[in-house]
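Visitor: Next come the chains, spelled out residue by residue.
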Amino acid sequence: MKRILCLSLALAVLAPLAQAAEKPEDAAVRKALTDLVPQAKIDSIEASPLPGYRQVIVGSQMVYISEDGKYMLQGTLYDAPAKRDLTAARLAVDHKRKVDAVPLNRRIVFAPDKPKYKITVFTDIDCGYCRKLHSQIAEYNKRGIEVDYLFFPRSGPNSPSFDKAISVWCAKDRNAAFTAAKAGKTPTPAKCDNPIAEDYKLGAEVGVDGTPTIFAPDGTKIGGYLSPDQMLAKLQTLGTATLAGN
Amino acid sequence: MRFPLFVTGLLLAASAFAGAPEDTVRAAMGKLAPQVKIDAVQESVIPGFYEAIAGGQFVYVTKDGKYVIDGNAYDVANRRDLTAGARAKVRKSALDKVGPEKRIAFAPAAPLTTKHKVIVFTDVDCPFCRRFHEQIAQYTAKGIAVDYLFYPLSIHPGADKKAEAVWCSKDRPNAFTAAMAGQDPGKATCPNPVPELTQLAQSLGISGTPTMLADDGTQIPAQIAMSPDQLAAELDRMAQASAAHN
Chain A
284 MKRILCLSLA
294 LAVLAPLAQA
304 AEKPEDAAVR
314 KALTDLVPQA
324 KIDSIEASPL
334 PGYRQVIVGS
344 QMVYISEDGK
354 YMLQGTLYDA
364 PAKRDLTAAR
374 LAVDHKRKVD
384 AVPLNRRIVF
394 APDKPKYKIT
404 VFTDIDCGYC
414 RKLHSQIAEY
424 NKRGIEVDYL
434 FFPRSGPNSP
444 SFDKAISVWC
454 AKDRNAAFTA
464 AKAGKTPTPA
474 KCDNPIAEDY
484 KLGAEVGVDG
494 TPTIFAPDGT
504 KIGGYLSPDQ
514 MLAKLQTLGT
524 ATLAGN
Chain B
38 MRFPLFVTGL
48 LLAASAFAGA
58 PEDTVRAAMG
68 KLAPQVKIDA
78 VQESVIPGFY
88 EAIAGGQFVY
98 VTKDGKYVID
108 GNAYDVANRR
118 DLTAGARAKV
128 RKSALDKVGP
138 EKRIAFAPAA
148 PLTTKHKVIV
158 FTDVDCPFCR
168 RFHEQIAQYT
178 AKGIAVDYLF
188 YPLSIHPGAD
198 KKAEAVWCSK
208 DRPNAFTAAM
218 AGQDPGKATC
228 PNPVPELTQL
238 AQSLGISGTP
248 TMLADDGTQI
258 PAQIAMSPDQ
268 LAAELDRMAQ
278 ASAAHN
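Each protein sequence line maps, in turn, to chains A and B. Per our numbering, residue 284 is the first one in the first sequence, and the count goes up by one each step. Per our numbering, residue 38 is the first one in the second sequence, and the count goes up by one each step.
Treat the hints as calculated values from the structure; they're not laboratory data.
No farther apart than 25 Å at their CA atoms in a straight line, the calculated lysine-lysine pairs in the BS3-like style are these: (1) K415/A / K401/A; (2) K324/A / K381/A; (3) K100/B / K353/A; (4) K366/A / K68/B; (5) K504/A / K397/A; (6) K366/A / K100/B; (7) K504/A / K68/B; (8) K68/B / K517/A; (9) K366/A / K379/A; (10) K366/A / K103/B; (11) K484/A / K504/A; (12) K353/A / K103/B; (13) K399/A / K517/A; (14) K207/B / K139/B; (15) K474/A / K484/A; (16) K126/B / K353/A; (17) K517/A / K397/A; (18) K366/A / K74/B; (19) K397/A / K425/A.
Some chain A residues well away from chain B (every beta-carbon gap over 10 Å; in silico): (20) V376; (21) Y412; (22) S442.
Just so you know, even glycine gets a beta-carbon here, dropped at the ideal spot from N, CA and C.
Please build the complete structure, drawing on both the sequences and the hints.
Guide: Spelled out as structure tokens, the structure:
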């Protein structure tokens, strides 16, 4: 039951969210999940494309539970003829809402003049692929991609990476300090009010489990590092998929 | 014939879904991932689904071929991971076809008798595989017979040649033990089952070494199997559980 364990660990980070009014027929579904994962905090129970199943959102994950509460399916649901990842599409809606709610003054922004796409990147100063990504920041910008950074120091609070993120945030020229730190310079220690803990918590809520984790404008989790050309291609495909799919 | 003649065209169109489980799964996966090889298909214990191994991954496909779930299924009331059980069944039936002439066996020596049997996918250049084999006398002393199958990983360049050299030596078990202790097995070549076993492992979704499987195809976690005491206890427990179950 390894995956269930991962699920419950991720859930422990989350504060309970407001629960939607429950339909009586969801009692069996709710009971099934709490039988399997007692500490699960259910965000919502809703209709599922899968006949006979309800879909349950638990933190940043989704599980499918039969209406009679007998079976639970945990994984990715695809619509085969439409070649569509229905799980990711549904979760993207929540991710977009949560990521969009982060105000501009909590982000470190590297934008071209007229951005065509905006990606949100959860980053850690001490991560190789994050550094690689940022070393090419001009190339992403050149392709019309705005990069908004949020911090997700993987080692968590009270760790050197976390402190570096705070120091960068509190530097006079934040963007310059960020770029310097990404190039391997140790930031001058500084302290001030900062959103690092909040960003870190948000990351856990939207399923960030490594860095960089990149979200497309529509909330789709693109995943890890992509080269500037690959990123542009991905954003273009997502753009059309969204248009065609919805 | 319940259907009037005029729906014949419709029936023909639907015939792809009305066929054998293999046809349904092939059609659904063909749309999602045309290049993925389907290794096994069977009726699932979950009503309304077939289950299959596709490209080494376990998937569930609705019987109408519309939806595919890439993930795990749980029986809620019995708290059972159904996917692990189904995967074990598929692995067992595939491994039953691998005859003793393709294995390197270390069995308890008389007067000890074999209480349990495990199959271990192994690689000469994998540190944990070596560690496991260092303890081979302790496993056999506890009545555990170990059948090794070669699975040299591509991340260990040259490990396939070493496996072949071991296989082609005069005293196979001794050559194996020597190679596992770090000795160069030489460069002997001969007809050997290494490529076939490698392909088998991949088709069963086995991605690393050492992978230890109990007699019923259940994968035993490395943290248990690496300890002779714990492995013996776990195999005893599994034998009791299965006796109680049947």
